[in-house]
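> Let the hints inform the model, and build the full structure from the sequences given.
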Amino acid sequence: MINPRLLLLGTALFTIAALPGKPEAAETLTRFEAASGNTELVIASVTDLDFMRPLISAFQQKNPGISVSYIEDTSNSLDATVSQACTDRTFFADLVISSSIAQQVRLVNGGCAREIGSPVLADLPDWAQWRGELMGLTYEPAVIVYNRAEFAAEGPPLSRFDLIDMMRQSDRLSGRIATYDIEESGVGYLFAFQDSTEASTWGRLIEGFGRNNVATFCCSSEVIDRVADGRALIGYNVLGSYALSRAEKDPRIGVVLPSDYTLVLARAGYIPREARAANAARAFLELVLSPAGRAILDGETRLLTPLSGPGALSGLTDNKEPALRPIPLSPALLVSLDRAKRARFLSQWRKSVTPPSP
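Counting from 1, position 270 in the sequence shown corresponds to residue 270 in the working numbering; the numbering is continuous, with no gaps.
Derived by calculation from the structure, the hints in this document are not laboratory data.
Note that the coordinates shown come from a computational prediction; the quantities given were computed from them, not determined experimentally.
The C-beta atom is built at its ideal place from N, Cα and C for all residues, glycine as well.
Fair warning: there could be bad hints in the mix.
Claimed, not checked - Label-pair restraints from in silico Cβ distances:
{"no.": "1", "residue 1": "37", "residue 2": "198", "range": "39 to 49 Å"}
{"no.": "2", "residue 1": "221", "residue 2": "350", "range": "20 to 30 Å"}
{"no.": "3", "residue 1": "311", "residue 2": "118", "range": "21 to 31 Å"}
{"no.": "4", "residue 1": "341", "residue 2": "35", "range": "24 to 34 Å"}
What follows is the structure, encoded as C-alpha cells:
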C-alpha cells in the first residue's frame, strides 16, 4: 500500500497535498497499474516523468505483477520530505532518485538507506557509488545552451573564458543569460558550488552574471524554453540530458560542453530504510543499468549511464573535446551542505548576481 496521504482514485496524474511545513509543495503522482498482481513500487524522484516513462514501461514489461507509483517533485522539496520520513522512521517511497546528489549522500550517510545488495554495483566506476547504498544511474554533463540563430555568424562561447569575455565586451547579453536559481534548485546549487571549487573563473563569471542581469529559474526546462524562443541567448549549467534531448528535436537550440572543464553528474538512487518493496526497487535499479535500460538512457532521453556516457558524449555537441569531470558520490559533497558555508556561498552569490541598485 502507498503512503495514506497519496489518495489514488485510479490510473491518473494527481497533485499531492502539501505536508505540514511544506506549504508550497508541488508534488505530482502518476500511477502505472500492473497487468496482474498486487505488488506496488513507489518511486520518488525529481526526474521529469517523460524521461522516466520509458524505464517504467520496460520495468513493467519485465515485471507485469508490479504497479508503479511515480512521485515527481523539486529537489529541495523532495529532500525535505524524505528527510522527515527518515527521521520519523515512516514509509514514503521504495526508491528515491535525485540529481541533487549532495543531499542524497547526506541521507545515505545519515542511515536513511539500506544496502542495495546487487551485483551490478561491481560494474560501476568507484566515483558512481557510495557504501553499496547509493548508486549512480546517469551521466549528465552541465552544459551551455545557446540560441543558434543568434550565434550563427561568430559561433557560441565554447568555454567559461569565452563567456566571460563576451559578457565584458558589450551589452549584447544583458538580461539574456539564464541559469538556475541556486537557492531553490539543489542541482543548480551543486553545480555552482562545484564551479567555485573547480575554477579560477568563478569570481569573474558571477560578476559578469550580475553586470548582465542574469535571470534565474527553478528548472532546466524553463531555461531551455527561453533560449529556444530568444528571450535568453545563453543558458548556463543546464543539465545536458534535457538540453541534448531537446536539441535533437528543436533546431533553435545548440549545446556546448565547456572546453575548460565539463562537470558531470550521476543522478543517484537509494532504497530507503523503511522501503516496503525493496526487492522491486533493487530490480528497477538493475534494469536501469542492464542492456535494455542503457539502450533507453543512451537513446532519446540522453540521460546516458556511467558505463556508456564518456563515449556517448563524443560528437553529440558542437565542440568535440570536452574535459569531463565527474562529481564523485562521496562525503566530500557534504561540505556544500554545511550551513555556515552554504550561507556564505549564497551571500556571495546574491551580492554578485543581484548587486544593489546605485
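> Name the hints, by number, that the structure is in violation of.
The structure conflicts with hint 4 only, although it agrees with all the remaining ones.
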